[in-house]
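Visitor: Using the sequences and the hints given, assemble the complete structure.
Chains as they are written, first to last, in this note's numbering: chain A, -10 to 270; chain B, -6 to 241.
Derived by calculation from the structure, the hints in this document are not laboratory data.
Be aware that one or more of the hints could be misleading.
Unchecked claim - Heads up, incomplete: computed chain A residues facing chain B, CB under 8 Å, no partners named: (1) 162; (2) 171; (3) 179; (4) 183.
Claimed, not checked - Example chain A residues on the side facing chain B (calculated, C-beta under 7 Å, incomplete): (5) 161; (6) 164; (7) 165; (8) 168; (9) 169; (10) 170; (11) 260; (12) 262.
Backbone N, C-alpha and C define an ideal beta-carbon position, used for all residues, glycine too.
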Amino acid sequence: MSGFALQRSASGLPAVTTAKAKGRGSWNQRLRRAYVPLGILAIWQAGYALGWIPSQSVPPPSAIALAAWQLAITGQLADNILVSLERVAIGLGIGVAAGTVMALIAGLSRLGEDSIDPTLQMLRTLPHLALIPLMIMWFGIGETPKLTLIALGSLFPIYLNLFAGIRGADRKLREAANTLGLSPLETIINVVLPAALPNFLTGLRQAFGIAWITLVVAEQINASAGIGYLVMNARDFLRTDIIFVGLSIYAILGLLTDQSVRLLETTLLAWRPSFLKDATR
Amino acid sequence: MNMIASMPLSQSELHSDPGAAVSVRNLTRSFGGPAILDQITFSIAPGEFVALLGRSGSGKSTLLRTLAGLDPAPPETLTVPAARAVVFQEPRLLPWKRVWKNVALGLRMPDAKAKALDALAEVELQHRVEAWPLTLSGGEAQRAALARALVREPKLLLLDEPFASLDALTRMRMQALVASLWQAHKPAVLLVTHDVDEALLLADRVLVLIEGKIGIDTQIPLDRPRHASDPGFSTLRTKLLASLGVQG
Ligand SMILES: Nc1ncnc2c1ncn2[C@@H]1O[C@H](COP(=O)(O)OP(=O)(O)OP(=O)(O)O)[C@@H](O)[C@H]1O
Ligand SMILES: [Mg+2]
Chain A
-10 MSGFALQRSA SGLPAVTTAK AKGRGSWNQR LRRAYVPLGI LAIWQAGYAL
40 GWIPSQSVPP PSAIALAAWQ LAITGQLADN ILVSLERVAI GLGIGVAAGT
90 VMALIAGLSR LGEDSIDPTL QMLRTLPHLA LIPLMIMWFG IGETPKLTLI
140 ALGSLFPIYL NLFAGIRGAD RKLREAANTL GLSPLETIIN VVLPAALPNF
190 LTGLRQAFGI AWITLVVAEQ INASAGIGYL VMNARDFLRT DIIFVGLSIY
240 AILGLLTDQS VRLLETTLLA WRPSFLKDAT R
Chain B
-6 MNMIASMPLS QSELHSDPGA AVSVRNLTRS FGGPAILDQI TFSIAPGEFV
44 ALLGRSGSGK STLLRTLAGL DPAPPETLTV PAARAVVFQE PRLLPWKRVW
94 KNVALGLRMP DAKAKALDAL AEVELQHRVE AWPLTLSGGE AQRAALARAL
144 VREPKLLLLD EPFASLDALT RMRMQALVAS LWQAHKPAVL LVTHDVDEAL
194 LLADRVLVLI EGKIGIDTQI PLDRPRHASD PGFSTLRTKL LASLGVQG
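Guide: Below, the structure written as structure tokens:
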């Protein structure tokens, strides 16, 4: 450990090494993070073997793994995951695109702000899941209400964060760009939008979270495919093992999307001190 | 305008000639209250190094920002060259652009990168051209800002307390750097500073802003390179400090 720390200070940039960067640094430390979850699984399995946990309400990890395997070899698992992923991708795509466009309009012009912002600020206080009954009445029970709900849910975090980011862009930097002879459009491209990018990515991460929650709720109301369908179907057949498979998939997918936004952040925001881990080039 | 007696009067007439790099005529500026700049008139000759002193809040930055085109002014009160560059107290580099890209920003020419690298070499930053600005030290960042200003070959260089946030040693090195860059490129310079010694080391001429007017406009008739121990230095120093309300 101390050798590792020494090596870092020798790189010449110890000051910008953050606690986060250190915490994820070595394999030893990564492994350490897995100890507790693995321990819980072991106790869980042992509790079942010793008869402490009733298997019909909480199946053991081995049974969940077996159910997952059976679903996988019949192809049901992949099919249903793909259906759910597609819903999130389309709904989120629409929501992020709409939120981005609205934030640009409202953020870059006062007229745009006055036309868009008050309405969106009012609408955002309404929990979008409360719209489910209306959605079903308007669009039936097909894909449209699910996609609309996901899009609506993910629009607001994008809009709010990006709008704040655009408005928060450092006035001093915009002034400097002005003295360098940049046109207003060049200033937006070189100064305002890069300054708002961290906020956009925060919004994107929140939008992903909301999209997953919306998906779970929307799929449980009515679906003939998707992870939610798998879970509701399993309920009818008292297959708690499959329900647990569904829950694990939601968790894994949520984790993966969060990690991918993080990856996007480390790539796109490489200039930030917290991401400047190693050499600067 | 009351001038220090030693100052040749012909000089001020020279400044109103049409060949001046900067000419300000009856410029007034207020922010709702009393005028911060009150009927200010002065000019700067091409290649002249002028230091602007004044108490905090006396309107030095306001005047500099007006010359930079950042604050509005009626066009008839102001003649400035189109090629101007500003260095502020903070470096104001875009943190998401590598150092050389910051320097090349807004340069509209095919070999912008080569020019940016040359300018960075001139301020001794050739080893940091690919660095992210937030990894630069305070002095390095300010040198990059200086390179970004110089690469535009300004006819007027506006410096708003560019050394104020640096440590004493770095400040001395930066002052020497600015002096040599000015001698090499000869832009007209307006340096806003709190530091009387800095003004006396660098400037051909010192203006003092007092209650919205140019209260003092005096030549610094010292040979270059200058040193604080030069004869005449301390006399000028005492005089300027007194005008700022400090007993030298
Ligand atoms: N945008 C503004 N709105 C209102 N008042 C302002 C504005 N800009 C400057 N002022 C006021 O004008 C006066 C002069 O400000 P300025 O920044 O020019 O002073 P300064 O001489 O540069 O001071 P310092 O040496 O502390 O930098 C101050 O009283 C300041 O409060
Ligand atoms: Mg100031």
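Visitor: None of the hints should be skipped; say for each whether it holds.
Guide: Hint check results:
no.: 1; hint: 162; verdict: 6 Å, holds
no.: 2; hint: 171; verdict: 5 Å, holds
no.: 3; hint: 179; verdict: 7 Å, holds
no.: 4; hint: 183; verdict: 4 Å, holds
no.: 5; hint: 161; verdict: 6 Å, holds
no.: 6; hint: 164; verdict: 6 Å, holds
no.: 7; hint: 165; verdict: 4 Å, holds
no.: 8; hint: 168; verdict: 4 Å, holds
no.: 9; hint: 169; verdict: 4 Å, holds
no.: 10; hint: 170; verdict: 5 Å, holds
no.: 11; hint: 260; verdict: 5 Å, holds
no.: 12; hint: 262; verdict: 5 Å, holds
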